[in-house]
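J.: One letter stands for each residue in the lines below.
Protein chains: 2
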Amino acid sequence: MEHFADRLTAAVAARATPAIVGLDPVLERLPAELRRHANTASAAAEATEEFCRVVLDAVAPVVPGVKINSAFFEVFHQAGIAAYYRLIAYAHSLGLLVIGDIKRGDIGSTARLYAAAHLVEPPFSDVDPASIPDAVTLAGYLGESAVRPFIEAAKAGGRGVFILVRPSDPGADEVHEFAGFGGSVRLYEMMGRLVERWGRRSDLIGHCGLSCVGAVVAPKDLTSTATLRVQLPRTPFLVPGYGAQGASAAECRPCFRRDGTGAVVNASRSVIYAYEHPEMVQQYGADWRACIAAAARAFAADVAPLIQ
Amino acid sequence: MEHFADRLTAAVAARATPAIVGLDPVLERLPAELRRHANTASAAAEATEEFCRVVLDAVAPVVPGVKINSAFFEVFHQAGIAAYYRLIAYAHSLGLLVIGDIKRGDIGSTARLYAAAHLVEPPFSDVDPASIPDAVTLAGYLGESAVRPFIEAAKAGGRGVFILVRPSDPGADEVHEFAGFGGSVRLYEMMGRLVERWGRRSDLIGHCGLSCVGAVVAPKDLTSTATLRVQLPRTPFLVPGYGAQGASAAECRPCFRRDGTGAVVNASRSVIYAYEHPEMVQQYGADWRACIAAAARAFAADVAPLIQ
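The listed protein sequences correspond, in order, to chains A and B. Sequential numbering of the first sequence, starting at 1, is according to the working numbering. Sequential numbering of the second sequence, starting at 1, is according to the working numbering.
Extracted from the complex, chain A is given alone in its bound form (with noise of 0.2 Å):
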């Protein structure tokens, strides 16, 4: 079982970028032609499963994975949940890949459950076992209990985790940048220090030198985001916050190290929605697969000096 962060760093390294893309699908947005009956939830979650078919065909040739966020097919209960396994087995056809997007946090024993559901080949003989992730993000607020059944199967399957240390929302700061009062250390920081440390054990490491055990890390200043590196050797970093939300491939460039290795960088709504700009219109008319594609290749581009 090769491991995780071996194969995030070979899959880029394959594409020459580092560029992920998020799927994030709100039905209001996807193309007229999809949404036309989607007025049951069984109905809301197929139109948009064959759309995000239509963006997986088109990224493919281009990015090394994708990142495939829960809430947004939750939103059609079973029927969504349904599509959400399958397309992650579809993504995986495609040679991409996936990360589930799913922020859980709760106690060891929910943990426990939780880590089943998302990061291990279940028992079941009607469960695609390429309907699992690569790996997941989550929340570890809720200390190393909450987090330690997703590494160990993350370890046993050659999969890995992406623990919330920087959020790319600004509101998130409220919480994130709150160090007692009179504190020096913030939250962020601490946080950040945990998930090196849990994911610090040697047989938790790949060959590359980073862990299974991963961040996300939003870019803010450029200092406390290389800051954040260097106190994190061993840990990856999946970056959110790039295109829609704001950030260039400057400001995502202290998340990476030196050689070029140790981040993956997403952008969702700029690639998935690029049929909305006017630019875009313009160029590939009402094709809304061909604006996809050429907005994924052009993500790929502007950050694939990231890695060199």
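Honestly, the hints are just simulated from the structure, not real lab data. Where is the CB? At the ideal position from N, CA and C, for every residue including glycine. Hints may contain errors.
Claimed, not checked - Derived Cβ-Cβ restraints for the label pairs, each shown as a range:
1. His37/B x Asp128/A: 48 to 58 Å
2. Ala244/B x Ala10/A: 51 to 61 Å
3. Arg193/A x Arg193/B: 18 to 28 Å
4. Gly182/A x Asp259/B: 31 to 41 Å
5. Ser93/A x Gly246/B: 42 to 52 Å
6. His277/A x Arg148/B: 26 to 36 Å
7. Ala226/B x Ala130/A: 51 to 61 Å
8. Gln308/A x Pro129/B: 46 to 56 Å
9. Ser248/A x Arg193/B: 34 to 44 Å
10. Gly182/A x Arg201/B: 24 to 34 Å
11. Ser184/A x Ala226/B: 57 to 67 Å
12. Ser125/A x Arg148/B: 51 to 61 Å
Stated by the list, open to error - Calculated pairs, SDA-like style, for lysine to any residue (alpha carbon to alpha carbon, straight line, at most 25 Å):
13. Lys220/B x Ser145/A
14. Lys220/A x Glu28/B
15. Lys220/A x Arg148/B
16. Lys155/A x Arg86/B
17. Lys220/B x Asp24/B
18. Lys220/B x Glu144/A
19. Lys155/A x Ala41/B
20. Lys155/A x Glu174/B
21. Lys220/A x Gly183/B
22. Lys155/A x Thr261/A
23. Lys220/A x Phe181/B
24. Lys220/B x Gly108/A
25. Lys220/B x Val230/B
26. Lys155/A x Ala11/B
27. Lys155/A x Arg86/A
28. Lys220/A x Arg86/A
29. Lys220/B x Glu174/B
30. Lys155/A x Ser125/A
31. Lys155/A x Glu28/B
32. Lys220/A x Gly157/B
33. Lys220/A x Ser145/B
34. Lys220/B x Val120/A
35. Lys220/B x Ser125/A
36. Lys220/A x Ser109/B
37. Lys220/B x Arg148/A
38. Lys155/A x Val120/A
39. Lys220/B x Gly183/A
We have chain A already, so just place chain B on it with the hints.
T.: Here is chain B on its own, set in the frame of chain A:
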């Protein structure tokens, strides 16, 4: 639309106990007659659902509400999610209040979808409106924007939220006792203050003086729990940690306001697996339904004095 805190207060008064039974069913611990054929996810979900229906039947005459933990259904993928929502509707048909234990927490644009999935009656003809719970548990570590979509959905639908302030697992202390280096306010205290602030808007407060924005507060030492109760006067508490996790009724007392309102106490494993206890088996033999009903009655009676 009656306010959630008023509904909760009335339901507790009607049953004369603040006892909430938590459904955290793991397949391996179900009565043997149920798990015999559970080698597919569908069959496992079906067995779990059947077990939970019996639990609901047994506890409905005794307690005001139940808490259903999403993780234990997600483990069966879409079949489990279908069971989760059906069980909520079934609990409602028995007159129970239902808390969906989902602990979701993500940035605002994603939180909007999680809220639509878990706390809003969806605009789909194939979804039973009764399958939406009366409240959900949340993580608030990404700040107000991560919980605001849930709070607005709660207000609009007469529903509620319980945001993690002090988790029951001692492992969470690693993070929740954090106060920066040299700081004097710990993370759980800050989260408590934020929750109180997020819920204090007048249109979020019910006739009983409590908000639809509640907190998950596990009892620790009596003094710190009592301090939280004083600092969060308008926040209803959902109290985990009783029973299998070790807290006594006396330790839960400081979670209640002086008039006996303001909190409900959850017990999960000590009730739903009552048939594993030798003293129960001695009394009821192989009648696991009777064991669960007896454990629910004992739990309800044990915490009943807390509301007096």
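J.: Indicate, hint by hint, whether the structure satisfies it.
T.: Each hint tested on the structure:
{"no.": "1", "hint": "His37/B x Asp128/A: 48 to 58 Å", "in the structure": "violated, 21 Å"}
{"no.": "2", "hint": "Ala244/B x Ala10/A: 51 to 61 Å", "in the structure": "violated, 45 Å"}
{"no.": "3", "hint": "Arg193/A x Arg193/B: 18 to 28 Å", "in the structure": "holds, 25 Å"}
{"no.": "4", "hint": "Gly182/A x Asp259/B: 31 to 41 Å", "in the structure": "holds, 36 Å"}
{"no.": "5", "hint": "Ser93/A x Gly246/B: 42 to 52 Å", "in the structure": "holds, 47 Å"}
{"no.": "6", "hint": "His277/A x Arg148/B: 26 to 36 Å", "in the structure": "holds, 28 Å"}
{"no.": "7", "hint": "Ala226/B x Ala130/A: 51 to 61 Å", "in the structure": "holds, 52 Å"}
{"no.": "8", "hint": "Gln308/A x Pro129/B: 46 to 56 Å", "in the structure": "holds, 55 Å"}
{"no.": "9", "hint": "Ser248/A x Arg193/B: 34 to 44 Å", "in the structure": "holds, 35 Å"}
{"no.": "10", "hint": "Gly182/A x Arg201/B: 24 to 34 Å", "in the structure": "holds, 30 Å"}
{"no.": "11", "hint": "Ser184/A x Ala226/B: 57 to 67 Å", "in the structure": "violated, 30 Å"}
{"no.": "12", "hint": "Ser125/A x Arg148/B: 51 to 61 Å", "in the structure": "violated, 42 Å"}
{"no.": "13", "hint": "Lys220/B x Ser145/A", "in the structure": "holds, 18 Å"}
{"no.": "14", "hint": "Lys220/A x Glu28/B", "in the structure": "violated, 46 Å"}
{"no.": "15", "hint": "Lys220/A x Arg148/B", "in the structure": "holds, 23 Å"}
{"no.": "16", "hint": "Lys155/A x Arg86/B", "in the structure": "violated, 35 Å"}
{"no.": "17", "hint": "Lys220/B x Asp24/B", "in the structure": "holds, 22 Å"}
{"no.": "18", "hint": "Lys220/B x Glu144/A", "in the structure": "holds, 19 Å"}
{"no.": "19", "hint": "Lys155/A x Ala41/B", "in the structure": "holds, 24 Å"}
{"no.": "20", "hint": "Lys155/A x Glu174/B", "in the structure": "holds, 23 Å"}
{"no.": "21", "hint": "Lys220/A x Gly183/B", "in the structure": "holds, 24 Å"}
{"no.": "22", "hint": "Lys155/A x Thr261/A", "in the structure": "holds, 20 Å"}
{"no.": "23", "hint": "Lys220/A x Phe181/B", "in the structure": "holds, 22 Å"}
{"no.": "24", "hint": "Lys220/B x Gly108/A", "in the structure": "holds, 18 Å"}
{"no.": "25", "hint": "Lys220/B x Val230/B", "in the structure": "holds, 15 Å"}
{"no.": "26", "hint": "Lys155/A x Ala11/B", "in the structure": "violated, 46 Å"}
{"no.": "27", "hint": "Lys155/A x Arg86/A", "in the structure": "holds, 24 Å"}
{"no.": "28", "hint": "Lys220/A x Arg86/A", "in the structure": "violated, 35 Å"}
{"no.": "29", "hint": "Lys220/B x Glu174/B", "in the structure": "holds, 14 Å"}
{"no.": "30", "hint": "Lys155/A x Ser125/A", "in the structure": "holds, 23 Å"}
{"no.": "31", "hint": "Lys155/A x Glu28/B", "in the structure": "holds, 24 Å"}
{"no.": "32", "hint": "Lys220/A x Gly157/B", "in the structure": "violated, 37 Å"}
{"no.": "33", "hint": "Lys220/A x Ser145/B", "in the structure": "holds, 18 Å"}
{"no.": "34", "hint": "Lys220/B x Val120/A", "in the structure": "violated, 34 Å"}
{"no.": "35", "hint": "Lys220/B x Ser125/A", "in the structure": "violated, 44 Å"}
{"no.": "36", "hint": "Lys220/A x Ser109/B", "in the structure": "holds, 19 Å"}
{"no.": "37", "hint": "Lys220/B x Arg148/A", "in the structure": "holds, 23 Å"}
{"no.": "38", "hint": "Lys155/A x Val120/A", "in the structure": "holds, 11 Å"}
{"no.": "39", "hint": "Lys220/B x Gly183/A", "in the structure": "holds, 24 Å"}
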